[in-house]
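**Q** Based on the sequences and whatever the hints tell you, model everything.
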Amino acid sequence: MLVIVPAFNEEAAIGEVVRSIHEHVAGAPVLVIDDCSSDGTIPAARGAGADVLPLPHHLGLGGCVQAGYKLAYELGFDYVIRVDGDGQHDARDIPRVFERLKTSGAEMAIGSRFVGENGSRTGVVRSLGIRFFRLVLRPILGKPVHDPTSGFVGLNRRALAVFSRSFPLEYPEIEALVVLQRKRFRFEEVPCKMRPRLAGRSSITAIKSLYYIVHVLLGVFVNVLKYERRWHRGRENPGRGPHSGAGG
Amino acid sequence: MDRLLNVTTVLSVVLLVMVLISVRRAHIRVEYSVSWLLASVVMLVLSRTRPLLDAVTRLTGIPDSPLTLFLLTGSVFLIMFFRFSIIMSHLRDDNIALAQRVAILEYHIHSLRNHEA
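Chains as they are written, first to last, in my numbering: chain S, 78 to 325; chain Z, 49 to 165.
No lab work stands behind these hints: they were computed from the structure. Owing to the predicted nature of the structure, the values given are computational and were not obtained by experimental measurement. Glycine included, every Cβ here is placed at the ideal spot set by N, Cα and C. Please note: incorrect hints may appear among the correct ones.
[What the hints assert, rightly or not] Quick list of simulated restraints, FRET-style, between CB atoms:
hint, chain 1, residue 1, chain 2, residue 2, range
1, S, 216, Z, 125, 37 to 45 Å
2, S, 104, Z, 74, 49 to 57 Å
3, Z, 159, S, 104, 17 to 25 Å
4, S, 101, Z, 163, 27 to 35 Å
5, Z, 61, S, 123, 39 to 47 Å
6, S, 176, Z, 81, 58 to 66 Å
[As the list claims (entries may be wrong)] So, partial list: chain Z residues that the calculated Cβ filter (under 7 Å) puts toward chain S:
hint, residue
7, 118
8, 147
9, 148
10, 150
**A** Spelled out as structure tokens, the structure:
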């Protein structure tokens, strides 16, 4: 198993994040993907004992995470756990996410703030956004998802293969669920705690939140259209089902 | 009307000359200059051939010749912007894939060097 940590200007938090992972997931290698930070994120991560994949220029969260997935796939890892670099995810939850991934046979395990009572709190706007996307995703995924915006996820090698080829580049969490659904992959949710950021401020402002909703809705819509097209093709030509295509 | 047509003619010629100079200096690739050349030539021809502009006006049912010129020019530019958005999207995807590949290759090189050391 590999733990990947996408990071952009997280100098103040990344060292503690890496040390915490090493402490609670003994022996697991940690890969920090640095999205061209202008601060000391890279030396802080290396100093804490992580491998670093420095990107040559800023790609945004999706491109950054996908670079980690690509490298993990090339290095032959069977499981990858992604946690954020700002320290919001508790490393003590990683073994439970990993265990569920291994035992359930699902392609993806999501660390969820809203499964069970775990005391996690989110802002009003974010909470409304999450409720909205729960409603949007319910009929598409065929089952409820409690925390669709969670960046705390575990993937097995099948999902890793898909995301290495095709991964949403901006605000990837929600669209990634629809990409998995197109492949008829399964996901499980594991109750996890979310803490306040260790340092820095979130880049999501009110205007960006609005842009986020429109962007993600469009991405979901496009992915559903692709899925429908493949499904219809499968019905017209029963020898080639939705699984047989290679596209992303 | 004549003044509007003259202004359009001047603008078309300026655009045409700018595009040709840019192509000559290799500031713009030939394949991307074609759309601009086409647009400037269309503007030039319509502004200098009044019967053609009137014919297009009658054909499209637009009430006014200047409006026809304006709409045609606007449409041509909208199509070009859309085309460039497609090109930019492809370039961005390629750019991200390349950046990821460079980073991964550098990681492998770094690992090999560490291994040898």
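**Q** For each hint, tell me whether it holds in the structure or not.
**A** Do the hints match the structure? See the list:
Distance hint check: the CB atoms of residue 216(S) and residue 125(Z) are about 40 Å apart, consistent with the given range 37 to 45 Å. The hint said 49 to 57 Å for the Cβ distance between residue 104(S) and residue 74(Z), and at roughly 55 Å that hint holds. A C-beta distance of roughly 19 Å is found between residue 159(Z) and residue 104(S), which places it inside the suggested range of 17 to 25 Å. Between residue 101(S) and residue 163(Z) the beta carbon distance is about 28 Å. The supplied range of 27 to 35 Å therefore holds.
Checking the proposed 39 to 47 Å range against residue 61(Z) and residue 123(S) shows it is violated: the Cβ atoms sit about 59 Å from each other. Between residue 176(S) and residue 81(Z) the beta carbon distance is about 59 Å. The supplied range of 58 to 66 Å therefore holds. Against a cut-off of 7 Å between C-beta atoms, the interface hint on residue 118(Z) is violated, since the closest Cβ of chain S lies about 31 Å away. For residue 147(Z), the shortest C-beta to C-beta distance to chain S is roughly 5 Å, which falls under 7 Å, so the interface hint holds.
Given hint, residue 148(Z) at the interface with chain S, holds; its Cβ is 4 Å from that chain's nearest Cβ, closer than 7 Å. At about 5 Å, the closest approach between the beta carbon of residue 150(Z) and any beta carbon in chain S falls short of 7 Å, and the interface hint on this residue holds.
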